[in-house]
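Q: Please model the complete structure; the sequences and the hints are all you need to start from.
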Amino acid sequence: MLLMTFINGLTMAALLFIMAVGLNLSFGLLRIVNLTHGSFYLLGGYIGLYVYKATESWIFGIAAAGIVVAIIAFIEEFTLLRRVRGKPTLETLITLSLAIIISDLLIVIWGGNPKTIKIPELLKGYVTLFDANVPIYNIFIFCFACFICLTLWLILQKTKIGMIIRAGVDNFEITSTLGINIQLVFTLVFTAAGFLAGIAGAIGGTYLMVAPGEDWRILTYALLVIIIGGMGSFGGTIVGSIIIGMIFSFGNVYVPQFSLFLMFAPVAITLVIRPKGLFGRITS
Amino acid sequence: MIALILSIAPNFGNTFLIIMLIRIMYYGLMAIAFSFLAGQLGLFSLMVPVAFGVSGYTMAILETKNILIFPYSVLVGIILALIISAFLGVMVNRSKGTYFLMLTLVLGQLAYAIVLQWVSLTKGTTGITGVNRPYLLNIANLGKNVSFYYFILVVFIICIILLYVLINSSFGVKLRGVRESESRMIMLGYNTSLIKWVAFMVSSFVSSIGGIFFVYFIGLMNPDAISLNASVKVMIASIFGGINSIIGAIIGTGIIKTVEIVLSWITQRYLLIIGVMFLIVILLAPNGIMGIAERISKFGTRLFKKNSK
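So the sequence lines, in the order shown, correspond to chains A and B. Residue 181 in the numbering used here is what sits at position 181 of the first sequence, and the numbering runs on without skipping anything. Residue 184 in the numbering used here is what sits at position 184 of the second sequence, and the numbering runs on without skipping anything.
Bear in mind the hints are in silico, worked out from the structure with no lab data behind them.
Ranges between beta-carbon positions, derived for each pair:
#, chain 1, residue 1, chain 2, residue 2, range
1, B, Lys-298, A, Thr-151, 52 to 60 Å
2, B, Ile-280, A, Pro-212, 19 to 27 Å
3, A, Leu-184, B, Gly-300, 42 to 50 Å
So, partial list: chain B residues that the calculated Cβ filter (under 10 Å) puts toward chain A:
#, residue
4, Gly-42
5, Ser-95
6, Gly-97
7, Leu-101
8, Leu-103
9, Val-232
10, Met-235
11, Ile-236
12, Arg-269
13, Leu-279
Model, not experiment: these values are computed from the prediction. Even for Gly, the Cβ is constructed at its ideal location relative to N, Cα and C.
A: So, in structure tokens, the structure goes:
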């Protein structure tokens with residue numbers, strides 16, 4: 001039982017990581033809390049569901065989810081956010097309004113009933129680990145998150161673009177004076193975050209469910225992750241995801257009446273002790 | 001401004017109108033609480049409904065379990081809301097701008113989650129029902145809508161006056177100073193954390209009063225009142241009307257509530273339309289209705305000046 005809860009915690013952590021890392025990077029670089037991120041997730045879920053049903057290919061569903069959401073993210077950044085660059089409150093309000101619009105639009109298109117995406121044949125079934133039956137799908141989510149984590153880490157540490165992003169997160173003004181087209185980098189990061197959210201939505205939709213309200217729920221968890229882990233910190237996102245994922249899992253099993261309260265408690269503690277989060281890097 | 005206040009006072013005996021005005025007033029209390037923080041301090045707090053909810057729930061629980069009744073239940077409700085807001089105010093004190101909005105979103109969700117999950121106390125999604133309106137010192141039976149209306153009107157106007165006094169006092173100047181540049185205020189020797197905290201408490205106080213009226217009017221309390229939906233609607237209503245003005249927040253609430261009712265006759269998805277309206281407002285008219293009104297009046301004055309030459 002304990003092992004199973006632990007594994008569920010890791011799975012949740014993995015899913016949250018994919019969501020939170022995009023949110024954290026776009027906050028670190030653009031200084032916007034993209035509140036539309038939750039709606040991106042749900043949109044990804046619905047698109048994944050739709051494409052899966054239409055094409056019988058789960059992989060295609062996930063890819064489509066990622067790409068469509070990335071396109072929407074791109075449009076959002078290009079048309080709206082550019083106009084209000086430099087006014088963070090306005091930017092956040094725009095992301096919030098889009099979140100409301102998309103979230104309601106999804107109900108209009110797909111209705112209010114909860115749905116799930118079926119696990120594809122390849123990933124069904126269990127594997128016995130010690131005394132727990134671990135669904136293969138959980139292992140998949142975990143491995144996929146590790147893959148994303150590693151890929152992102154490599155990009156951030158070993159490529160020129162990664163270097164620019166890291167520099168931008170640390171000190172945006174100086175980076176923009178270096179003659180780099182920082183606007184392009186912004187758009188890239190924002191779109192990439194959207195892509196990740198869409199994929200997370202399709203994968204999460206298979207693990208959890210695709211329903212109205214999931215967008216705000218996951219957004220809240222992702223926000224918890226980045227508050228605890230630290231704004232703008234990649235490593236912090238990993239730590240934050242694990243903490244929240246574990247609390248979510250153990251809380252649900254052992255103290256379901258207070259599980260949500262337990263998730264917020266470390267946030268409260270972090271805010272008082274280290275308002276920037278455990279590994280926060282934001283200077284302003 | 002005075003004209004607007006005067007026009008609220010007479011009522012026409014139309015029950016629907018009275019009910020709408022009462023609704024606008026108790027939601028309006030949350031909106032003016034939000035506007036106070038947003039306009040004076042520049043902080044957008046999505047936690048305003050928390051005070052509303054705490055006072056409302058506390059009072060509802062006390063009344064339905066017959067532990068305390070009016071006016072003691074009201075007092076305990078407001079005091080508890082203030083205590084919790086004090087605590088929350090300390091937690092968010094060090095943050096500003098976008099981070100603040102994010103934090104209040106999360107903390108607001110926390111309150112919602114606790115209320116939703118603590119079923120033994122709050123009956124979860126069902127909510128608490130069966131709260132009766134009290135006799136007010138044998139002066140009026142608040143059971144009738146009309147007397148309730150006058151009662152809430154009086155309290156509402158007192159709250160508006162309270163906020164106006166604060167805004168136009170030296171405290172208001174200090175708040176706006178913190179909004180402009182907190183570091184400068186600190187350099188000048190002001191205890192900005194305390195100033196901000198007091199502003200939170202004032203805002204929560206006004207919001208908690210709204211909660212009391214909500215429960216007494218409708219007779220029940222449920223978690224929806226402090227959901228993210230509610231927080232966002234408060235913010236939208238405030239921004240619609242113009243965050244820099246208290247009257248604006250009231251007008252904004254009026255518009256949102258009316259739109260809600262009208263649109264829900266047509267479609268269930270009024271949130272979508274409100275979302276689009278919100279987007280248009282923040283892009284084209286960031287100072288809301290009052291901003292537009294100002295622009296029109298400035299335009300009008302210029303027009304008159306030109307004509308008189």
